[in-house]
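K.L.:
Respectively, the protein sequence lines represent chains A and B. Just so you know, the working numbering puts 182 at position 39 of the first sequence, and the rest follows in order with no gaps. Just so you know, the working numbering puts 28 at position 27 of the second sequence, and the rest follows in order with no gaps.
Hints are computed from structural coordinates only; laboratory data are not their basis. Computed from a prediction, not measured in an experiment: that's the story for all the values here. Backbone N, C-alpha and C fix where the C-beta goes; we use that ideal spot for every residue, glycine too.
Below, computed lysine to aspartate or glutamate pairings styled on DMTMM-like, alpha-carbon distance capped at 25 Å:
1. A/Lys251 x B/Glu243
2. A/Lys251 x A/Asp176
3. A/Lys251 x B/Glu236
4. A/Lys251 x B/Glu92
Residues of chain A placed beyond 10 Å of chain B at every Cβ, according to the derived structure:
5. Pro147
6. Phe148
7. Asp176
8. Val182
9. Leu184
10. Ser185
11. Gln188
12. Ser189
13. Tyr192
14. Arg253
15. Glu260
Each chain, letter by letter, is given below.
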Amino acid sequence: MTGPFAEFAHYYPYGVAGAIVLLGVVGIAISRDLVHAVVCLSVCQSGTYVFLLAVGYQYGGLAPIFGATVHRSTPVVDPVVQALSLTDIVVSAAVTSMLLALVIQIAKRRRTVDPDELRSLEG
Amino acid sequence: MSRTVRMIMLAVGLLGAAGVLGAGVVGLPAFGGDRHPYRDLAVSAGLQRATANVVSSINFDQRALDTFGEETILVASVAAVAALLRPSRTERRRRVGSGLPVLESTRLLTVIFFPVTVLVGIDVVAHGAITPGGGFQGGVVLATGLHLLYVGGRYRLLERLRPIRIFEITEGVGLVIFIAIGLAGLAIAGQLFRNVLSYGQLAQLTSSGTVVLLSCAVGMAVVSSVVVLLAGFLEQALALVEVSEPDQSDEEAAR
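Same shape as in the complex, but just chain A (with noise of 0.2 Å):
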């Protein structure tokens, strides 16, 4: 591949990966939901799985799990991106689950989940 679509191809998928990440913090900032926010936080995390992924990957690599189909000298796409992406993936649903709790929490007490509402501090 050659030509300027083959520069456009060399980095689109980074592009793919950081424009998730700021439609989330779009979404974050226009929220008027706050389970709305806690979605958006996670579709902002999944713009680092595109990017790790993307960064990993190699045309023609295969998965880099070895034994009868793959061997020592098959071309993998790379694993240390993926184990990454599953400590990201874990930390995400840790973070998510624990900020679901927190707008239970909010609900329960200022009868409100809309961030705009919820100006004034509380003791």
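Following the hints, position chain B against chain A.
P.N.:
Below, chain B alone, put in the same frame as chain A:
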């Protein structure tokens, strides 16, 4: 800060972030290239320890200490959720009946898929070192399988099958087994999380030394974490009811 001001701030911030991201991306190696130095090192280290699934080798052998930290984060967050979701003073538990309205087809599918999912979960945990999977993925599959009972309207049966007290204990025990295997490596070979067992034959169930044991320990902790977590949320949705009890501040105001 009004909404308009916030949107302008957001636009400025997004432009700045997009600019920085773009500048960073241009310096990256092109997508899909064949130069991956970390991959080459990780793959040769994984194969040297006869671990067919190199991702598991990285998680449970080469970077096992990081995985311990990750698992601790998970357990800590579950403890935080349990603390946040405990019933408040004005809430009482009620008994959840079994008469939840569920489609017959849903009921049938959950009866079929409950044992299948639990088996697949155990399989994914146990074969974490040789096929795609591992403790985290298998643990989530197992916990999901258990909660199919709730989807099928059998909440009471689910409550009986997952005694929370026991799962709270197994969660901690999984974490303790994980660090115990790491400390065993320290005691025997002088290196924390050193893979001290014999590596065996590539792609055999008993290959890869401690990877399969650590995977099982993580599976135990993850299945317990997810069960405790979902139990907290399900209880909020189903079992807790607000009782109209005069608030203390109201009583004081009345006096």
